[in-house]
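Residue numbers (my numbering), protein chains in the order written: chain A, 241 to 1013; chain B, 51 to 325.
No lab work stands behind these hints: they were computed from the structure. Keep in mind that a hint or two might mislead.
[Unchecked claim] Heads up, simulated DSS-like pairs for lysine-lysine below, C-alpha to C-alpha not over 30 Å straight-line: (1) B/Lys301 with A/Lys980; (2) B/Lys260 with A/Lys632; (3) A/Lys811 with B/Lys274; (4) B/Lys261 with B/Lys211; (5) A/Lys980 with B/Lys89; (6) B/Lys301 with A/Lys996; (7) B/Lys228 with A/Lys531; (8) A/Lys811 with B/Lys301; (9) B/Lys89 with A/Lys996; (10) A/Lys531 with B/Lys261; (11) B/Lys260 with A/Lys811; (12) A/Lys996 with B/Lys260; (13) A/Lys531 with B/Lys260; (14) A/Lys667 with B/Lys260; (15) A/Lys811 with B/Lys180; (16) B/Lys261 with B/Lys228; (17) A/Lys531 with B/Lys324; (18) A/Lys980 with B/Lys228.
[As the list claims (entries may be wrong)] Derived list of chain B stretches under chain A, where covered just means 3 residues or more per stretch with a C-beta under 8 Å from a C-beta of chain A: (19) 95-109; (20) 183-192.
[As the list claims (entries may be wrong)] What follows is a list of derived Cβ distance ranges for each label pair: (21) A/Asp984 with B/Ser233: 14 to 22 Å; (22) B/Val84 with A/Asn823: 36 to 44 Å; (23) A/Glu867 with B/Ser233: 39 to 47 Å.
Remember, it's a predicted structure, so these values are computed and weren't measured experimentally. Glycine included, each C-beta is placed from N, C-alpha and C at the ideal position.
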Amino acid sequence: MFRLFSFTCFCCLAFLFLFSTSPAFAQKKYTISGIVRDPETKESLVGVAVYSPELQTGTNTSNTGYYQLTVAPGTYTLQFSYVGYQSQTHTLTVTKNLKLNLDLMATSHELNEVVIEAGGLQEKLKTSQMSVEQLSIREAKLMPALFGEVDIIKSLQLKPGVQSGGEGSAGLYVRGGGPDQNLFLLDGATIYNASHLFGFFSVFNSDAVRSVDLYKGGFPAQFGGRLSSVVDVSLKEGNTQKYSASGGVGLIASRLTLEGPIKKGKSSFIISGRRTYVDLFTRLMNQANAKDPEYDPIPNYYFYDFNAKAHYDISAKDKVYLSGYLGNDLIGFRNSGFNFDFNWGNKAGALRWQHNFSPKLFLNTTLSASGYRYNITNTIENFSFNISSNIKDYGLRTDLDYLPGNNHSFKFGAQAVHHAFEVGRLKAGSEDNTISFSSGSTYQGVEYGVYAGDEYTPSPSFTLNYGLRFSGFKAGTSNFMGLEPRVAARYALTENTSLKASYTRMNQYIHLVSNSGASLPTDIWYPANNVVRPQRSHQVALGISKLSQNGQYLLTNEVYYKWMLNQIDFKDGAQLFANDNLNAEFLFGRGRSYGNEWYLEKKQGRTTGWIGYTLSWTYRQFAEINEGRWFPNRYDRRHDVTLVALHQLTKRLHFTGTWVYGSGNAFSVPVARIILQGHPGERESYVPIYSERNSYRQAPYHRLDLGIVYRLRPKRGEADLTFSLYNAYNRRNPYFIYFKQIRDEETEVTTGFQAKQVSLFPAIPAITYNFKF
Amino acid sequence: MKQFCFTYFTRLLPLFFIGGLGACSNMEKDINVVLPELKPQLVVECYLEQGMPYQLTLSESTSFLAEPQLSLVRDAIVVISFRGRPDTLRYRPFFDTYQRKYYTHYSRNILRARAGEVLTLVITDKTGRKLTGTTIVQAPVRIDTIEAHYNDRQEAFLLTKFTDPPQTSNYYWYSVHKRRFNSRAELDYAADDKLNESSTIAFGSGYDFKKNDTTIVSLYHIEKQYYDFLNTVEAAREANSNPFAQPSGIKSTVQGGLGVFTNLAYDRRVFILKD
């Protein structure tokens, strides 16, 4: 271990030394730096594109709104552009280090502004970072949504290389990866189960979210811990100038957000909450039918979540941010001595201290805590049953950004997370303890990582982003380590055409124990150990980006190939629920995924949107499944098409539409059947025999969603009505297929079998009222 | 089949939700699926009981969409050996009208064995297929008490208590029938004693009974291999109906084919619900 650690440190230091010494031979250079903010809220803007045509290079503002460019003496034009804001251009003569702070005006102060500038495309062309999707919350809010509930994860599903888990699902399947291979970060704290209602809605309230970045590959060195993707969500900071309230009333949920200054200009807060209210109606129905002996009460169900954040500018160099999340789903059922409660949810909190040592060196230190748990309680008279599982994390990470001014941009840092797992904690029995069952295991583990990376731009046409991450995990006697090299490069073929390439290696030390192929609340997290080894992956990607029509359109084409090792599955009949020896239930194999993603994007003018197409293959191989032959993953999707169009008809009226098409999901069909009569006293049953895993394809999936946003003119503040029509042409998309046993109604004798296709959602209209004042 | 096992309830929760949505708008339709076919395999079911003759059912697996009837194997040689003495069962298909079961092979030999003794099964047919199996005779576990607990609607659930033999891992099959043993069971499920902390185990039901109901409560002490077989059969059936379930193969207790060769050791009580 020591040798490997030493080697890693040596590598990190070596390349830092190598490049930090080079300025001695370079021409004298100066920096242009500053912070970009929203003038109304004074909130710093993340990801603003800063571009210099003379240099043919640029940068993005960091998560503190900070940017910096290093230039030789001379006169330069700087273009600042950001989705939903008016672009600004500044000409500067540089003879010394310059500071330029500026406020970008929103294109409209009204809700849901659709005008989007094209500057972001220029920056996308120029950056070496590939395989990343940045989601605009304004775009997400305009898109039609199921039940009118804006969902940023479902908006991400519309990007190439990203698939949903099925109809209405908020799960993510990125480049052939499973739902457990995505790292969801909310202001740096991990969110372990990012969905409500069995995956139909994501936990992220779009009112509280400032930005979302999804990394599908080419992972920067600061990220680790999952194989397939990183979803980095940042919460808004709150308005430092004035108090405001916003919210919405929808078909199934309402939401309210309050924000304002704590000390004007220095600190602010934002608090946002939402809750569903279907349970209010089901309670009324249950009360109305309480006297009907034939009536089966409907279980009460609701979910809620809260987001809160506060920040304080201690000085010009120091800021602190405190953010938190709390969300729960609850199901309750009570009936004549039978009580059932099932609840699950996430908690997360992060305290971040940002310190600027100098215009060239920044420090961000984050202390975070997060957890996920589910709990099921059932009582019948004096007998009770309780099962729960949870994971709790306490983490500390520190990240340094060093911009020495010689075309380098260094990032380095370290992180450690302590994981505590409670797996399948069961307690059942009678009040007098004459009957007692229990199970459950607890595990502890520490996951850590040290990284260093550099974006080096030796010439306007070439950028190299390289880094190394050393990661490890220690749990009991198990100790794992791994080196994770990360390399990405961009070469400008012409002014409007860039070639890009990347290689990443990832390690994943905790696993989701799920036999469902989807994310369920009862899925549990489990640490790597001497039996269940860490999952590992390698991914290479090659891409070309071309800007055309005066920068109006950006066409991107990426091919990727991903190898996945130590993939997990489970034995036939595996007992995953209350099992003190889960190690015995795992199967281990490998996976591969490859494909080609096309993406045509338009961000300028009254009509904006994108077209995405993905051609991909995803396979798994386990010695115990399919007799060791490769088989397609459940979400192997050969063709995947998305069309997204946003059109501003007038200043008050916007039309939006999305159309998606996907090849049918792979699923398993029985190759034979046996009749089991059972032992005396048992009834006969027809048992399917499965052989080939995922050998059959469902019918293709396609769906059109339409939306209209109509701005109202309230006396105070702003308001709009959002109409959405989900599945506009009422397509019966396959959700799953099963074989129904057909029985003679009189004799109850089985007469045959019929394949049935079940669909979930027909055309669903919805209306939402949004307000802000 | 109703099950008291709460874990299954949580598995089914998503289905309640999905089923509700599907039912709202008739979101189910017939489709045609062309299924691949597997070469037919021998399927045996043999449940030996103390004091009963050897009898079993031998059939073949069929295409999933084939006619729902047993595909019999007529030319097989079926041998059960006990204490070193092989006994070849005769091919004599018959229908047991009380138990409502078909049997294909039969012997007049009556099983009289002590717990721990071993019986073996060998089946060969003219196409060269060979199926083998072994079973170890189990000792029955006695039911201590059966209790009825009523709610305010005068519905009752049953609680069957018994003493779990110490020092060994034990596996059970529990069933409750109303009125007749050959009717559909009100509930039945398999369970093990891994999580049990005390010497007493209780198996329960839902509120499925009323005063004056006559019930037949059976507690089978079964082999682990039969327990695994039952669990994987349940998983395979669930894979057909649960969109969240993965397909599961069956862990047969026999080799060279599918099915079960086991023995049944049980305690059975008739219990009439009183106040």
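**OP:** Quick one: which hint numbers does this structure break? Sort them smallest to largest.
**Re:** 2, 11, 12 and 20
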